[in-house]
Amino acid sequence: MIDPFMALAGRLQGEIVIPLLYRFGWMQWEDIAFGWSLFAVYGFFQVLATWAVCMPLEAWRPVERWTNRRVVLTDMAYTLIARVGLLPLVTFVAFYQVQVWVNGWIVDHGWIPPDLELLIPPLLGHPVITFFVYAVILDFADYWRHRLSHIVPSWYALHSLHHAQRQMTFWSDDRNHLLDDFISALWFGFIALLIGISPFQFPLLVLLLRFVESLSHANARVSFGWLGDRLLVSPRFHRAHHGVLAAGRQSCNYGAVLPWWDMIFGTADFSRDFVPTGDPGAPEALASGGYLAQQSAGLRALAVRFRRARPAPAGSSRAGIPG
Amino acid sequence: MQSDIPLLRRRSILAGGAALAAAGRAGAVPVAPTGGIAIVMNSAGASISIVDMASHRQIREVPVLREPHHWTLSPDGTELWVGDAAGNAMFALDPTTGTPLGHRVLADPYQLWVSPDGTRLTINALRLNHVDVYDAATLALVHRFDESSMPSHLTYAPDSSMVYSTLQGSDGVVAIDLTRNKVAWRTRVGPVPAGIIWHRDRLLVALMNGDGVAVVDPTDGAVVGHIHTGKGAHIIQISPDRRVIYVGNRVAGTLDALDGTTLRPLARYTLTGGPDCIAFAPDGKLWISRRWRDSLAVMDPANGAFDLIPVGRSPHGVFLSPMLKLFADEGRAGLGFASV
Chain A
3 MIDPFMALAG RLQGEIVIPL LYRFGWMQWE DIAFGWSLFA VYGFFQVLAT
53 WAVCMPLEAW RPVERWTNRR VVLTDMAYTL IARVGLLPLV TFVAFYQVQV
103 WVNGWIVDHG WIPPDLELLI PPLLGHPVIT FFVYAVILDF ADYWRHRLSH
153 IVPSWYALHS LHHAQRQMTF WSDDRNHLLD DFISALWFGF IALLIGISPF
203 QFPLLVLLLR FVESLSHANA RVSFGWLGDR LLVSPRFHRA HHGVLAAGRQ
253 SCNYGAVLPW WDMIFGTADF SRDFVPTGDP GAPEALASGG YLAQQSAGLR
303 ALAVRFRRAR PAPAGSSRAG IPG
Chain E
1413 MQSDIPLLRR RSILAGGAAL AAAGRAGAVP VAPTGGIAIV MNSAGASISI
1463 VDMASHRQIR EVPVLREPHH WTLSPDGTEL WVGDAAGNAM FALDPTTGTP
1513 LGHRVLADPY QLWVSPDGTR LTINALRLNH VDVYDAATLA LVHRFDESSM
1563 PSHLTYAPDS SMVYSTLQGS DGVVAIDLTR NKVAWRTRVG PVPAGIIWHR
1613 DRLLVALMNG DGVAVVDPTD GAVVGHIHTG KGAHIIQISP DRRVIYVGNR
1663 VAGTLDALDG TTLRPLARYT LTGGPDCIAF APDGKLWISR RWRDSLAVMD
1713 PANGAFDLIP VGRSPHGVFL SPMLKLFADE GRAGLGFASV
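These protein sequence lines are chains A and E, in that order.
Per my numbering, the first sequence starts with residue 3, numbered consecutively.
Per my numbering, the second sequence starts with residue 1413, numbered consecutively.
Careful, some of the hints might be misleading.
As the list claims (entries may be wrong) - Pairs of lysine to aspartate or glutamate, DMTMM-like flavour, derived with a Cα cap of 25 Å:
{"hint": "1", "chain 1": "E", "residue 1": "Lys1643", "chain 2": "E", "residue 2": "Asp1695"}
{"hint": "2", "chain 1": "E", "residue 1": "Lys1643", "chain 2": "A", "residue 2": "Glu17"}
{"hint": "3", "chain 1": "E", "residue 1": "Lys1737", "chain 2": "E", "residue 2": "Asp1464"}
{"hint": "4", "chain 1": "E", "residue 1": "Lys1697", "chain 2": "E", "residue 2": "Asp1558"}
{"hint": "5", "chain 1": "E", "residue 1": "Lys1594", "chain 2": "E", "residue 2": "Asp1623"}
{"hint": "6", "chain 1": "E", "residue 1": "Lys1594", "chain 2": "A", "residue 2": "Glu17"}
Derived from the structure by calculation, the hints contain no laboratory data.
All values derive from a computational prediction rather than experimental measurement.
If we strip away everything but chain A, and leave its shape as in the complex, we get (with noise of 0.2 Å):
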């Protein structure tokens, strides 16, 4: 059977990209490009299917209602940006040098980084239970990763970016600093190293993990009930922590995909029902520039971060108090 996704990427890297790469001499990278371009297609095809269910979600039950929606679509340019592949490409150019350097001094140095299947042999030949595995794995890495974001002062200083939305909807998934951005690419690195990921063997599983978290910031008035808030990240479980008393150096409900990790490390909170959003403490212009204008202001607040040296800024002051 021939699958639709792989179709389009080859017509993309035959097309498009390798005419591209051969025109301007960067013709040794196109086994690699075609890596990006399955990414691009996957991409686009999970903004498209998040948007066909997301959509009609906050048209039906909308937790807030606004009559200006201009600030959403800055988030939309952060969705396109980071899931139809520039993000990646960029991220993959800036590393590809730097994870040459490392792995090979790491070989040199007699360690050659293991992947999960050698760990556990069983694992091989059983794609999709190796995936939940490489999920868990990764979702409790992510749950530290932005657990550090929020405790660790000069990071929240660019993570409050993605807090400051007010207008929280599910294009606000990938509204995030691009140094934050960085600090992730490089905190998963560190992971890949420990036991190898490949989520191009897993494409359409990883779109229904990114489908999860997009999800979970829709501005829409659901619940998986009791026990589902507790098995999956829900819009209400994740609302809670972009809860305007929530943001800043401690808060709740950190868990990505899973709320499990909130649960074992006392972070949960399942009491609150749909709060409004946002960092009040954070740069106006975090919550309602454009693009670059966030960017910047991210920028200006680590430096004010770096310069004073303050534990918290003055709206994180009520962090610990959950919204």
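Start from chain A and add chain E according to the hints.
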């Protein structure tokens, strides 16, 4: 540098290798079809397709770790070794049935080939910028050469004294003297060199950001000629009877046939979808992987007509079990990657 997990079933496999092989065998049919099988490395699918050559149908998939690209036969020809580059492992399969036999942890085995005399295994670690030379009998690392950048394809001198690797990230070829374990020369040959074969005391190097093949003097790396084929020349292989050299042109979407003696053009075939590695069937047909169409093209060079066989994602290396007879009769020179 490598684990102690034995590669070969005959050598008391330890738990890790045995379990992995067993996992790969799950549901497998260990009997080969009478017409032979094609073993296809699906580089983006973390699997190896086993195809019935008679019916042109995939009969099963063997899982591997991440990214299988190329293959070589073990020194005695009883095992097919497949490099899983991103998985940092080399898998062994029975070349007649495709049954997995075990694996060994090795750094980034992208392109790999055993020397004509069977004593050395050279691995191009494209991602790590290494050319690694192993003892083919023990798989002990003999010497690691840091080569920048992106070592891609390789070929040997017929007497196994030298190995030549293309460096696709720096437009070069490196020649390594295997008798002294030293680099003999390193030189630029043209934009983004990929496929390389030894041919009548010359090296033929396909230029991926060029439009053909550079003819290189193997004694010093001097470029002494150029053969025009098509944009994005990538793979270069020679038919078992040495009469035809095939060059796959990635950008043009064509396959050029050159005279095996004079290098003059004989024919040009249209083959889109990223034509890559070629395997030669006993009936004269070419089995060609199409990287971006998840399929093999089985092409009759007499008229250019081809059948398509769906396989896994981004198929790359192709091995046909009847090639074992070529190996038995003529050694590695009959397998399509080296001439005399």
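Hints, one by one, checked against the model:
no., hint, in the structure
1, E:Lys1643 x E:Asp1695, "violated (29 Å)"
2, E:Lys1643 x A:Glu17, "holds (14 Å)"
3, E:Lys1737 x E:Asp1464, "holds (18 Å)"
4, E:Lys1697 x E:Asp1558, "violated (39 Å)"
5, E:Lys1594 x E:Asp1623, "violated (32 Å)"
6, E:Lys1594 x A:Glu17, "violated (42 Å)"
Hint compliance for this structure: hints 1, 4, 5, 6 are not met, and every other hint is.
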